[in-house]
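Colleague: Please put together the full structure from these sequences, using the hints given.
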Amino acid sequence: MAGNVWIVGIHMTKFGRHPTLDTVDLGTEAIRGALADAGLRMRDVGLLAAGNLMGGGGSFGQRLQKQVGQTGIPVFNVANACATGATALRVAVMAIRAGETEVGLAVGAEKLSGAGLLAGGTRAEEGDRWSREGRYGAVAALDGRVGTETMPGVFAQIGMEYGHRYGGTSFELFARISEKNHAHSTLNPLAAYQKRFTLKQIMNDVMIAYPNTRPMCSANCDGGAAVVVVSDSKLRTLPIEQQRRAVKISASVLTSDPWQDGCQILPDINTLTRAAAEQAYEQAGVDPEDLDLVELHDCFATAELVHYDNLKLCPQGGAVDFFNSGATWRDGTTPVNVSGGLESKGHPIAATGIANVWEVVTHLRGEAGHRQITDARVGLAHVIGLGNACGVHILEKAVA
Amino acid sequence: MAWCGGRVSAHRVPLVDYLILEGEPHLVAHECLACGARYFDRRNGCAACEGAEFRDVDVATEGELRAFTIVSSAAAGVPVPFVAGVIDCGGTAVRGNVVNIPADPEHVVLGMKVRLTTGSIGTDAAGVEAVGYGFEPAD
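Line by line, the protein sequences are chains S and D.
With this note's numbering applied, the first sequence covers 8 to 407.
With this note's numbering applied, the second sequence covers 798 to 936.
The hints are simulated quantities; they were obtained by calculation from the structure and are not laboratory data.
Incorrect hints may appear among the rest.
[Claimed, not checked] Now the stretches of chain S that chain D is said to cover, found in silico as 3 or more residues with beta-carbon under 8 Å:
(1) 194-204
(2) 384-391
[Stated by the list, open to error] Every beta carbon over 10 Å from chain D, so not counted as near; a handful from chain S, in silico:
(3) 290
(4) 324
(5) 340
[What the hints assert, rightly or not] Stretch-level coverage of chain S by chain D, calculated; a stretch enters the list once three of its residues show a Cβ under 8 Å from a Cβ in chain D:
(6) 105-118
(7) 162-172
Backbone N, C-alpha and C define an ideal beta-carbon position, used for all residues, glycine too.
Modeller: If you want it as structure tokens, here you go:
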């Protein structure tokens, strides 16, 4: 087993509307920011892992190299739904663990503002005769006729299913989770939205898929994030100030979902997240109660609730009590999504996984300004991509 | 969509392969011979046990609503609001709309008993009707 892997440079752009910037601009800004933060240059980097999901091109990393430096290094273009950014980081970590390079760079960027509702499958215009298509032999589009394929609807059902199994959920409870995250976002200058909503405003806003109203859904926006990771031996060659700001990646885990009864009908985002969390705690030698902050994948308020449970922040079935205790507010025992989360910080898909890591790293370095979690030493970053993929990273402040 | 409880028509086709209209309308699943895992789509193999052989089995037409959402915002052309749900039909999870009930959380309740019903999707240029399915309250 190779030695530790360290984050020495990380950057995220402001999330939001960037009408004049494309994904290459956003990725470039993120890479330059991360390299400057690390005190390194492209010529020091031995591997680039690049994520972009909706841009349509298969060579996003190479397009970025043309702006930041074509040095001939291997490029891995990765796509893993909303876990794309975390997967890029995972690739860079693997390369260092494997001894392939001493410096890896991972980046994710996405243009998503104004994207509207993201549905699952779509079907071309129907002809004037019924004809069978696809694996269900359908003669017409199934979205709306056989349940829903929209993300707010799928994740609404996941939250409702949790409530059915364990009890205690309500429209208001889910809305209060959103209230927390929007309140947190007021302290984050890089968040797409920094507006505090009252519970009443959230509940009375436009209903998307009950119980998720508009502010309870992740905000589609533009953004980029990048991270520079290095080996132990490389870290020792860096200036002492860089070593002091380095953050240890104590666990880097990626899972997909094992087969479960019913998982083909309603995606099971629970089993693979629990597996990722268990592996990560084991790898890091850290317990959930050691965590000073958590950035988890609140793509919808209903999703945040189930992930309290999946990440073992509470006993199984105890997510409602855990939230009601106030634990997940920034002054609670386990602050969750102090960045504002995907609901208010925003969700530029491929950037999100690295942006969640950025938030945790910034607190561990003591550089989070007004929203700093005091004396943060250990944090967890989580993302999930429907399909499914789950990334969990546990990060620890350097002891140097 | 008009919900008509499996009305017989001269020329009609089911919305999906796994909806059987003949006799009492019902759903049919592909069940893995080796492990019993059930699927509704065309299969190459079993995700649970890697088996490659399946048999067709009838799925219970009555079940319990395990999860739902009321979709108010959907892709263009999809009428809203509608109730999307996951129904436990005798141990088999089924995706479907909950129909013949007001689309509000006062009427749609987790755990409610529902039963399969069918309804017309429309008629094509040759006069062939497509028939879909949903679940209506059983009580």
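Colleague: Determine for every hint whether it applies to the structure shown.
Modeller: Against the structure, the hints come out as follows:
no., hint, in the structure
1, 194-204, "violated (count 0)"
2, 384-391, "violated (count 0)"
3, 290, "holds, 27 Å"
4, 324, "holds, 16 Å"
5, 340, "holds, 30 Å"
6, 105-118, "violated (count 0)"
7, 162-172, "holds (count 7)"
Hints 1, 2, 6 from the list above are not met by this structure, while the remaining hints are.
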